[in-house]
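Asker: Listed below, chain by chain, are the residues.
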Amino acid sequence: MKRVKIRYRKNANGTSSIRLNCFCGYEKVNGKKKARRLIKTLPFHLVTEPASKDEIKLNDYYKIEATKIADEWEKSLLENDILTQQDETKIKSFKLNSKIPEGDLAQKWTNHKGKINLVSPANKRLIDVIVVGTGLAGASASATLAELGYNVKTFCFQDSPRRAHSIAAQGGINAAKNYQGDGDSTYRLFYDTIKGGDYRSREANVHRLAEVSTNIIDQCVAQGVPFARDYGGLLDNRSFGGVLVSRTFYAKGQTGQQLLLGAYSAMNRQIGRGKIQMYNRHEMMDIVIIDGKARGIITRNLVNGKIERHGAHAVVIASGGYGNVFFLSTNAMGSNVSATWKIHKKGAYFANPCFTQIHPTCIPVSGDHQSKLTLMSESLRNDGRIWVPKKLGDVKAIREGNLKPTEIREEDRDYYLERRYPAFGNLVPRDVASRAAKERCDAGFGVNKTGEAVYLDFASAITRYGKEQAHVKNLNEDDPVLVKKLGQQVVRAKYGNLFQMYEKIVDQNPYETPMMIYPAVHYTMGGVWVDYNLMTTIPGCYAIGEANFSDHGANRLGASALMQGLADGYFVLPYTIGDYLADDIRTGPIDTKLPEFEKAENSVRAQIEAFISNHGKNSVDYYHRKLGKIMWDKCGMSRNEKGLKEAIKEIQELREDFYKNVNVPGRSDEFNEQLAKAGRVADFLELGELFANDALKRTESCGGHFREESQTPEGEALRDDKNFTFVSAWECKGVPSKAKLHKEDLEYEEIEVKTRSYK
Amino acid sequence: MNLTLKIWRQPNSETKGKIETYKIDDVSPDMSFLEMMDVLNEQLMSQGIDPVAFDHDCREGICGMCSMFINGEAHGPDRLVTTCQLHMRKFKDGDTITIEPFRAKAFPVIKDLAVDRSAFDRIQQAGGFVSVNTSGNTQDANAIPIDKHDADKAFDAATCIGCGACVATCKNASAMLFVSAKVSQYALLPQGKVEAADRVLNMVNQMDEEGFGNCTNTGACEVECPKGISLENIARMNREYLFASLKG
Amino acid sequence: MSLTASSIGRKVAMALSGIFLVLFLTQHFSINLLSVFSESLFNQVSHFMGNNPIVQFILQPILIFGVLFHFVMGFVLELQNSKSRSTRYSVYKGKNNASWMSRNMIISGIVILSFLGLHFYDFWVPEMDYKYIKILPLDPDRYFDELVHKFVSPVRVGIYVLSFIFLSLHLLHGFASSFQTVGVNNKYTKIIKKFATGFSVVVPLGFVLIALFHHLK
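Protein chains in written order, with our numbering: chain A, 1 to 759; chain B, 1 to 248; chain C, 1 to 217.
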C-alpha cells in the first residue's frame, strides 16, 4: 500500500470516521497544477477516546479492517489503471471475457481441447496445484490432476475427504446415454438444462456438460460404483423433475454417496502413490496473490489451530455452495462460503448470488431447536402425489389431531400440482413445485402445526405397484391386503432408506400415512464467476462444482449437480488448467516466505485474535440464526423490493453487532469449533448483503428467483429477457454495499428463448 | 424432559480425560440428539464453560462424521441410525445419559468426543479402489452386464459410511466389518475382481498395522452398524484373503 | 505380512484347530458312550486307542499340539485384543448386541483349560505312568473300572458337570463361528448354525449324563 493513506477525522459525537485518501497524480485546473485525490469514507467508525478494553479492541479491529480495505482498494485502482489515468471519465470498466471458443456449438469443446496449451508429462512434475474441498468436484479434480502428473495438495475441513456433503445427494445423476431408447440425446439434455435454468446459463458450458455426461457414467462404472441394475444386468434409469425422458442413473437413494466414494477411491489411489498430499481437518483462511496470480493459500489446522502457508502454481476452489447463509438448509452443518468469499474479496467476481434453489421435498421444521433440514430425494415425486385438503375445515381438524389424512376422501383432496400443471404434474421443476407449496400454505392449507407442510402420498403408487406385482405373480389382484403388501415391497426396494430416514425423524410410518414435506434451501446456482476454462477473474484461481455459477442458470434440474461436479472435476478442469499452467513450467516452487504470504497470514491471525479476545455476550449461532431468519423471510422463496431493502439494512446492523458482541470461547491454538464457525458466519454476514443486493437489482422473476413485482396474473414467474439476459458478476470493493456490478450478456444461438411452461 | 448428562471431557490427545456431569432442562422429545448437544453447548458457553467438542456434519445420517458412544452403545440405543438421527424421544424424562467418544487405540481422541479416524483413510489408500484412470476413455457402462443380485450385494456393502461404530462397539476394537465392506463391494463386481487378491492382502495388512483388534465373530458390529452392513462381508473377506494368500 | 502373522490368518488357525478339537470331542464322546452300553466293548476300544502305535505316536501328539496351539493362540489373540482399546468405556452394554458366549470365550476357555488339567491328572498322567514309566503289563480290562472309580466322588462329578456346561457355552459360539472365520456364510449358514447349536448342547450334555450314570449306578 503506497498510494492510499488512512486518515481519521474526529466527529462531534465522540467518534472518528475513517477515510481513505488516494493520491492519483497531478492535473491542471485553471492553469494551476493540482493534486488529484480520490476519497472514500468507510462505513464504520472508531471511538475517539476509547475508555474500556473492549473499545480499544474494537478500534484495533476496525483499524485492521481499514488497512485491508485500503489495500484492496489500491489494488483495484491499479488494476483498472485509475492511478495512471489522468481523467476519471476515461476509465473503462473491466470487461468480462468468458473466452467461449468460436465455432459451431456442438464442436466448441472438441475444438477447444484441440487448441489449448498443454503441459508435457515431464513438466507436470514441476507444477503444484492446490484443491480446496473434496466433494464430487474437488475429489475428482484432485484424482485426475494427480493422475495427469501434477503435484496436488488437497484440503478439506472434515476429518476425511469422504465426508464432503456431495455424499448426501440422494436421487441420481443425469447422463444422455439414451439406454432406455426414449428419445434422449446430448442436445435434449442440453436443451432441458438451459430451459430448466430459465435461460440464464451459458450455452457453451451447458452443451459441454451434456457432451461429457455420458463419459461420467462409463467412468464411474469402471471405478466400481454400484449403480442400480435391472435383471438383465444392465443399468437402470429413473425420471426426474422437469424432463420428459428417463436419463437418471441411481444407486437407491444414495447416489451421491456412491459417486463420492468412487471419486474418493480414485483419490485414495493417488494418495497411496504419493501424488496427492491430503490435508484433513484444514480450513482455507485466505488466498495469496502474487503479481496478480493465485499462488497459494493460508490454512488453519482445525486440530491444533496452526496457521500454515501452502504455495502452488494454481488454486482450485471446490468448496461447494453457500446455502447455509439461511442457517436452516439441507447443507451440512459445516458447509460454508468462506473459501469462495475469500477469493471474492481478493478479486474474484461473484456471480448471481441470489439464484438459490429451494427444494420442494424436505422434512418440515419441527421447532425452534432445529439445527438443519433433511431433504427427501426428488425421486419420491416419481411415485408420490402431492396434495393438501380442499376444505379449510379439514385442515383445522388435521392440525388439531382430530382427523387423519387417510380419512380424507379423494374428492376432498387438492392435488394442486396435477391441477395447475397437467403436462408435468408432480414432476414440475423444483422452483415451480416449491412456490406452489408455499402458495397453498400461505392460503392456509398447510397440514402441520406450523402450517408449513403439504402431503406427499404414496397410497396410489403402492396400489398400482401391488396390482402389477400380483399380476406378474399370478396372485389375486383384487385382494387389497395382498396388493398393499406387494406394493409396499416395491416401494421399499425403491425408496427404503428414505422412508426409514423419514420415520426416524418424524416418528410416523410413511408406508401407512402420507409424508409431510415443505420446501427448504438446498442448492445455490450462483457462485464464483468463471470463464469457459473455469478460471475466475483471478488468474490461476479456478472454481468448480457448486462453487461456480456456470451451468444451472437460475434453477438447477434434479440430478444435474452430481453431473456438473464430476464433469468439472474429471473431464473439464484437468484439461483447461493446462492452458494456464503451460506458462508456469519454469517458475519453480512457490516460495512461501514471500511478503504476500506474510501479509495474508498476518491478517488471518488478526481476525482470529479479534474473535478470541472479543468476549462478547452472544454465541456465534445466535447471529447465524438471526441472519438465517432475515434471509428466509426476505430473500427466500419470494422477494420484493421493500423486503430486500430491509434485509440489506438489517444484515448490515447485524454484522456490526456481530463484531461487537460475538462470544468465541476457548483458545486459538486448539480444536475450537466455535472459532471456526465464527469465521464462517462472518463471511455469511457479508455474502447475505450481496445476495439481497443482487436480488434487489434483478427486478425480474426467473427460476429460483421470484420477485413478487414480476409475475403473470396466474401467479407464474415473469421473466424480463429484454433487460436481464445477463449474468450479474459482482466485484468486491471492500464492503458488500460497495460491490460493483458487471454484466456478462448471455447470447443464445442454438436455443430460442421462450417462456418456460410446464402446463 | 430434564436429563443428566455424563460426558467425557478431554482437552486434547495428550491430557487425560474424565467424565463430567451436566444437567439439562426443557429438552423436547422431537429434538435430535445433536440438537440437544447444541442446546447444552449454548448453556455451557453462557456459564463460561468450554463447549463440548464433537464431530458432526451432514446431520442426516450419511456423512459418517458423528460418533458418540451413548449409554454403552455406539450411536445410542436405537438401531440402524447414526447419532445425528437418534431422537430424544428414545429417552425418558429424568434419564441419565453417559456419552463417551468412540474408543479404540487406532482412534485417538482429539478433544472430548471427537476422535481421529484417519486409520480408515489409510486402509482405503492401501487398496480400496479400482486401478482405472479417470480419463473417461473406458468402455461403455453397459458393456459388461452384472448379475443384479451381485450388483445389489455390492451396493449393500458399499453403503458403509465409515463412521467407525463397528470398531467402537467391538469388544476387540476390530475393523473387520469396515474393511470387509469395501473388499466385498469390489470383489463382487467384475471391474474390481481383476485386482481383488492384491487389494484384500494390502488392506488387511494395513488394518493390522493400524492396531485394530482381531475379529471374534461376536456380531456386535452388525447389530450396531447404522447401515446394517452384514457379517456375510467378513466371511467373504476371510475367504478372499485365504485364497489370495494361498495363491501367493 | 505372512498368512500366519496376519489377524485373519491367526483367526483361521484358531477356527481350524477348534474344528479339529470338535472332531476329537466327537470321537471321545462316542467311546465314552460305549461305557453306558457295554463294559467289554468300551474296554476293547479303549485298549485299541491306548496301544495302537498310530494313535499313540502320531494322532496323540497331533492332538496335544492342537490343544496347546488352540490355547496359546487364544491367549495371544486375547492379549492383542485387550491392547486394541487402551481406555475402557465407563458404560459398555455388550449384552445388547452380542451373546454372553461370544464375548467371554476366554472365560469359558480358561475353565475348560483348568478342567483339562484335572482330566490329564486323572487319566492321562496315570496312563502314561502305567504304560511308559512303570511299564506295567498289558491289562485290556482295566479301563472301565478306572472310569467308574473316577466318578465315585460327588465333588469330582460336580466339577465335571460344571466344566461341561462351560464347554457347551464355548462351543455354542465357537463351533458356528469357525465356519464364518473360514469364509462360509451363505444359504447353508442357517443349517450349519442349527447343527452347531445342537451339537454344542447334545455332546456336553451327553458327557454329563454319562458321568451321572456312572456316579449313580
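Since the hints were made in silico from the structure, they are not lab data. Incorrect hints may appear among the rest.
Computed from the model, here is a short list of chain C residues facing chain B with C-beta under 10 Å [what the hints assert, rightly or not]:
{"#": "1", "residue": "G9"}
{"#": "2", "residue": "K11"}
{"#": "3", "residue": "V22"}
{"#": "4", "residue": "T26"}
{"#": "5", "residue": "E78"}
{"#": "6", "residue": "P140"}
{"#": "7", "residue": "Q180"}
Subject to a maximum C-alpha distance of 20 Å in a straight line, what follows is the list of computed DMTMM-like cross-link-like pairs (lysine to aspartate or glutamate) [as the list claims (entries may be wrong)]:
{"#": "8", "chain 1": "A", "residue 1": "K740", "chain 2": "A", "residue 2": "D71"}
{"#": "9", "chain 1": "A", "residue 1": "K677", "chain 2": "B", "residue 2": "E42"}
{"#": "10", "chain 1": "B", "residue 1": "K16", "chain 2": "A", "residue 2": "E670"}
{"#": "11", "chain 1": "C", "residue 1": "K83", "chain 2": "B", "residue 2": "E209"}
{"#": "12", "chain 1": "C", "residue 1": "K190", "chain 2": "C", "residue 2": "D145"}
{"#": "13", "chain 1": "A", "residue 1": "K346", "chain 2": "A", "residue 2": "E65"}
{"#": "14", "chain 1": "C", "residue 1": "K95", "chain 2": "B", "residue 2": "E209"}
{"#": "15", "chain 1": "A", "residue 1": "K10", "chain 2": "A", "residue 2": "E65"}
{"#": "16", "chain 1": "A", "residue 1": "K677", "chain 2": "B", "residue 2": "D30"}
{"#": "17", "chain 1": "A", "residue 1": "K617", "chain 2": "B", "residue 2": "E42"}
{"#": "18", "chain 1": "B", "residue 1": "K16", "chain 2": "A", "residue 2": "D669"}
{"#": "19", "chain 1": "B", "residue 1": "K193", "chain 2": "A", "residue 2": "D218"}
{"#": "20", "chain 1": "C", "residue 1": "K93", "chain 2": "B", "residue 2": "E14"}
{"#": "21", "chain 1": "B", "residue 1": "K90", "chain 2": "A", "residue 2": "D230"}
{"#": "22", "chain 1": "C", "residue 1": "K187", "chain 2": "B", "residue 2": "E42"}
{"#": "23", "chain 1": "A", "residue 1": "K63", "chain 2": "A", "residue 2": "E79"}
{"#": "24", "chain 1": "C", "residue 1": "K190", "chain 2": "B", "residue 2": "E209"}
{"#": "25", "chain 1": "A", "residue 1": "K660", "chain 2": "A", "residue 2": "E709"}
{"#": "26", "chain 1": "B", "residue 1": "K148", "chain 2": "A", "residue 2": "E609"}
{"#": "27", "chain 1": "A", "residue 1": "K738", "chain 2": "A", "residue 2": "D683"}
{"#": "28", "chain 1": "C", "residue 1": "K83", "chain 2": "B", "residue 2": "E14"}
{"#": "29", "chain 1": "A", "residue 1": "K660", "chain 2": "B", "residue 2": "E42"}
{"#": "30", "chain 1": "C", "residue 1": "K193", "chain 2": "B", "residue 2": "E232"}
{"#": "31", "chain 1": "A", "residue 1": "K404", "chain 2": "A", "residue 2": "D507"}
{"#": "32", "chain 1": "C", "residue 1": "K187", "chain 2": "B", "residue 2": "D150"}
{"#": "33", "chain 1": "B", "residue 1": "K148", "chain 2": "A", "residue 2": "E670"}
{"#": "34", "chain 1": "A", "residue 1": "K504", "chain 2": "B", "residue 2": "E42"}
{"#": "35", "chain 1": "B", "residue 1": "K92", "chain 2": "A", "residue 2": "D507"}
{"#": "36", "chain 1": "A", "residue 1": "K467", "chain 2": "A", "residue 2": "E452"}
{"#": "37", "chain 1": "C", "residue 1": "K95", "chain 2": "B", "residue 2": "E222"}
{"#": "38", "chain 1": "C", "residue 1": "K194", "chain 2": "B", "residue 2": "E232"}
{"#": "39", "chain 1": "A", "residue 1": "K504", "chain 2": "B", "residue 2": "D30"}
{"#": "40", "chain 1": "C", "residue 1": "K83", "chain 2": "B", "residue 2": "D208"}
Here the structure is a predicted model, which is why all the values come from computation and not from measurement. Backbone N, C-alpha and C define an ideal beta-carbon position, used for all residues, glycine too.
Asker: Each of the hints needs a verdict: does it hold here or not?
Answerer: To see whether the hints hold, each was checked on the structure:
Annotation: C/G9 was flagged as interfacial toward chain B, and the flag holds, the nearest CB pair being 7 Å apart, inside 10 Å. For C/K11, the suggested interface contact is upheld, since its CB lies about 6 Å from the closest CB of chain B, less than 10 Å. Using the Cβ-Cβ criterion of 10 Å, the hint placing C/V22 at the interface with chain B is not satisfied: the shortest such distance is roughly 16 Å. Look at C/T26: its Cβ only gets to about 22 Å from chain B, farther than 10 Å, so that hint breaks.
Using the Cβ-Cβ criterion of 10 Å, the hint placing C/E78 at the interface with chain B is satisfied: the shortest such distance is roughly 9 Å. Interface hint at C/P140: violated, since its Cβ lies 44 Å from the closest Cβ of chain B, which is beyond the 10 Å cut-off. Hint on C/Q180 holds. Least Cβ distance to chain B is approximately 5 Å, under the 10 Å limit. A C-alpha spacing of about 17 Å is found between A/K740 and A/D71, which places the hinted pair at or below 20 Å, so the restraint holds.
A threshold of 20 Å between alpha carbons decides the hint, and for A/K677 with B/E42 the separation of about 14 Å falls inside it, so the pair holds. Restraint check for B/K16 and A/E670: the C-alpha separation of about 16 Å stays at or below 20 Å, so the hint holds. For the suggested pair C/K83 and B/E209, the alpha carbons sit about 13 Å apart, so the restraint of at most 20 Å is met. Distance check on the hinted pair: C/K190 and C/D145 sit about 43 Å apart at the alpha-carbon level, beyond 20 Å; violated.
This hinted pair checks out: A/K346 and A/E65 have alpha carbons roughly 14 Å apart, not beyond 20 Å. For the given pair, C/K95 sits about 29 Å from B/E209 by alpha-carbon distance, which is inconsistent with the 20 Å threshold. Restraint check for A/K10 and A/E65: the C-alpha separation of about 18 Å stays at or below 20 Å, so the hint holds. For the suggested pair A/K677 and B/D30, the alpha carbons sit about 25 Å apart, so the restraint of at most 20 Å is broken.
Taken as a hint, the A/K617 and B/E42 pair is honoured in the structure, with Cα atoms around 11 Å apart against an allowance of 20 Å. For the suggested pair B/K16 and A/D669, the alpha carbons sit about 18 Å apart, so the restraint of at most 20 Å is met. Between B/K193 and A/D218 the CA atoms are separated by roughly 17 Å; this keeps the pair inside 20 Å, and the hint holds. At roughly 28 Å between alpha-carbon atoms, C/K93 and B/E14 are farther apart than 20 Å, so this suggested pair is violated.
Only pairs whose Cα atoms come within 20 Å are accepted, and B/K90 paired with A/D230 is rejected, the gap being roughly 39 Å. For the proposed pair C/K187 and B/E42, the alpha carbon gap of about 52 Å is over 20 Å, so the pair is violated. Taken as a hint, the A/K63 and A/E79 pair is broken in the structure, with Cα atoms around 24 Å apart against an allowance of 20 Å. With a C-alpha separation of about 34 Å, the suggested pairing of C/K190 with B/E209 is violated against the 20 Å cut-off.
Taken as a hint, the A/K660 and A/E709 pair is broken in the structure, with Cα atoms around 37 Å apart against an allowance of 20 Å. Between B/K148 and A/E609 the CA atoms are separated by roughly 57 Å; this puts the pair beyond 20 Å, and the hint is violated. Under the criterion of a C-alpha separation no larger than 20 Å, the hint pairing A/K738 with A/D683 is consistent with the structure, at around 16 Å. For the suggested pair C/K83 and B/E14, the alpha carbons sit about 18 Å apart, so the restraint of at most 20 Å is met.
Restraint check for A/K660 and B/E42: satisfied, since their Cα atoms lie roughly 19 Å apart, inside the 20 Å limit. With a CA separation close to 14 Å, the supplied pair C/K193 and B/E232 stays within the 20 Å bound. Between A/K404 and A/D507, the direct Cα distance comes to roughly 15 Å. Compliance with the 20 Å bound is thereby established for this hinted pair. Between C/K187 and B/D150, the direct Cα distance comes to roughly 15 Å. Compliance with the 20 Å bound is thereby established for this hinted pair.
Distance check on the hinted pair: B/K148 and A/E670 sit about 49 Å apart at the alpha-carbon level, beyond 20 Å; violated. Taking the CA atoms of A/K504 and B/E42, the gap is near 25 Å; set against the 20 Å cutoff, the hint is violated. About 16 Å separates the Cα atoms of B/K92 and A/D507, which keeps this hinted pair within 20 Å; it holds. Restraint check: the Cα-Cα separation between A/K467 and A/E452 comes to about 34 Å, which exceeds 20 Å; the hinted pair is violated.
Among the hinted pairs, C/K95 with B/E222 is consistent with the structure: their alpha-carbon atoms are about 14 Å apart, no more than 20 Å. This hinted pair checks out: C/K194 and B/E232 have alpha carbons roughly 17 Å apart, not beyond 20 Å. The hinted pair formed by A/K504 and B/D30 meets the criterion: a straight-line CA distance of about 10 Å does not exceed 20 Å. With a C-alpha separation of about 13 Å, the suggested pair C/K83 and B/D208 falls inside the 20 Å cut-off, and the hint holds.
Violation of the numbered hints given earlier is confined to hints 3, 4, 6, 12, 14, 16, 20, 21, 22, 23, 24, 25, 26, 33, 34 and 36; the remaining hints are satisfied by the structure.
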